[in-house]
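Asker: Single-letter residue listing:
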Amino acid sequence: MASDGSNPQGRVLSGVHFMLGNYATAEGALAGGCDFFAGYPITPANEISERMSHRLPEVGGTFIQGEDELFSIYAVTGASLAGAKAMTATASAGFNHFQEGIGYAVAVEAPCVIVDVQRCRGENFATQADVMQMRWGTDGDYEIIVLAPSSIQELFDYTARAFNLAEEYRTPVIVMSETTISLMRERLDVPSADEIAVVNRRYTDLSPGEYKPFAAPEYGVPDFAPLGKGYNTIYSINPHDEEGSIDWDPDVYERMYDRLTGKIAKHRDVICQPRSYAVDDADIVLIAYGSEVRPALDAVEMAREDGIAAGLLKLDAVWPVPEEQIAAAMSKAKAVIAVEMNIGKYANEIERISAGRVPVHRCTKNRGIIHSPEEIYRSIKEVWK
Amino acid sequence: MSLKLYPRRESVRKDGLPHFFCPGCGCGQVLNFFLRACDELGMKTEDMTCIGGVGCAARIPIYLSTDALHGIHGRTMPWATGIKMTRPDMPVVVFAGDGDALSIGGNHFIHAARRNVDVTVIVVNNLNFAMTGGQVAPTTPLTATTMTTPYGSSEPPFDLCKMAETSGATYVSRWTTAHGIQAIRAIKTAMQHTGFSVVEIISQCPTHYGRYALGSGSPEKSVEWIKEQSIPRTRAEKMDPEETALNFVIGEFVNTQRPVFWGSTIYDGAEE
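Residue numbers (my numbering), protein chains in the order written: chain F, 1 to 385; chain P, 386 to 657.
For the record, the hints were derived by calculation from the structure and aren't laboratory data.
Note that the structure is a prediction, hence the values are computed from the model and not measured.
Glycine included, every Cβ here is placed at the ideal spot set by N, Cα and C.
Each hint should be verified, as a subset may be incorrect.
Below, in silico cross-link-like pairs of lysine-lysine (DSBU-like), each with a Cα-Cα straight-line distance of 35 Å or less [to be verified]:
(1) P:Lys399 / F:Lys212
(2) P:Lys623 / P:Lys399
(3) F:Lys212 / P:Lys573
Some chain P residues flagged as far from chain F (calculated, every beta-carbon gap over 12 Å) [unchecked claim]:
(4) Thr528
(5) Tyr536
(6) Pro542
(7) His578
Pulled out of the complex, with its shape left as it was, chain F reads as follows:
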């Protein structure tokens, strides 16, 4: 939907589709108000760029294929500061290059959406190996929002929501896609434009004399001022005070990063909306995100049929960590199994939350192939013994 609530020239393709995951990501972006996209070719993310190059001009937006991923991320932050709802997309190797620009977007609080279609190093096989790079990849301290869709429908829904979260918290939001779902086709239900909530850019009501570009309540988010209208804002990665002046006073630095990290960490309960499947009476609770949710859910059903009380906590936002929801889900369990498609990374977070109260087992797979339900069920049975 456009920022004025209208649906010009089919921005929202309402109806039932049988759609490729990467196309659904692009359509979700358009529904979320995206009007600027910069990308650079890389498999398996190319269909996002291709779809955007076709669709954005139709709705009055700008598509650019840049010279590299550094162009993508900085063109996106520039467009964002100028008022655009901007997105870029890549796959893991390209995501490395984004890291530099993510640090800038965090520091100047430029809302933007970044899609990483994760692939194995050097090949386009399935993986969730970037889950830590998404959280810890750029220099300096920060918190960031990462959404992990598990289906074509969620690629659409989460990408649209990513634009809203980016505006609400003035932050880059990463959509953690995967080879599995990005190159898969399945049913997609696109609602009508008026059913899709869109958060618009929040501009100040204050005059240039009264406005302070980085002043906000505790853990809050400052309002924007438009460029070139006398507000004279410095968007510098250097430590800056509420006025935007570069300032190396340790108090200023500490205050700036308290707010930048706090505005996300303190709102984790609102940002994270994990879903529970048969968790209430479960002895064994699986925790999964992204495409691994699919075989994990099948494995839970297989276990239940065999009389094993298993359940699943499906994470939607993996960062910030939904600490309380994970703690609640494991509070009555005898054991937890962390399911992921890498060498075991997010499992460390789950162990941290468990703090030894509940044994955390690992069901990991790092060979370019998603888990089968049977493999996960075998893990459940081993833990059950």
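We have chain F already, so just place chain P on it with the hints.
Answerer: What follows is chain P alone, placed relative to chain F:
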């Protein structure tokens, strides 16, 4: 003669001073050239967005009463492109050092020129990496001594103006801090130009380039040296290129028109 206040002080941030340029640095002159150009054109810095990356010249925008992006090395062109696509109505001016524009940002520079993005780029070329202490740059003259070429530089330098021209820039000129009137005129032309406009200004760095390469930390001597090395384009064209290889050829090289960039794909239905 009565003492006059700096006539363009309204275009300088009150909280910006003192600036961090070394005594005798050319960056202050370039800032002055730019404000004089704006003044003569009747343009206000408040109506623009000015971009600096990292480096001495990159600091110029943060002393101006303007919206500014700052603090990332070499990415001024992607920023400028993203901003210009979103706000075509607003002038966008980039201040880049030679390292920012040609070393880490070289790839972005040639593609912005190729696309003919409608922005103005003022490159302050002080022939070395000054902010970091005087290391060799892609613009450092062959054989020059710097902090990382203690035996003299083995690398031939870039000619920024030739590269801008070859890449497709539609306005290109080079002047020096010893040619203030011409530099102001060139900035004015660049600001009025529709398309990718580049003004290179050879600038003195007495603290580093002066001391290490020229053997003197005197700003005056650095500027004198720049002046001696400068040859007008019209004269250089009549000379053997090898004769002028170590000189700064000054003047206007390109002033032409072609369509500016509005995105990677042509879309005819845009006016529907």
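Asker: State for each hint whether it applies.
Answerer: We went through each hint and held it up to the structure:
1. P:Lys399 / F:Lys212: 15 Å, holds
2. P:Lys623 / P:Lys399: 49 Å, violated
3. F:Lys212 / P:Lys573: 32 Å, holds
4. Thr528: 32 Å, holds
5. Tyr536: 33 Å, holds
6. Pro542: 23 Å, holds
7. His578: The claim stands: P:His578 keeps its Cβ more than 12 Å from every Cβ of chain F (closest is about 19 Å).
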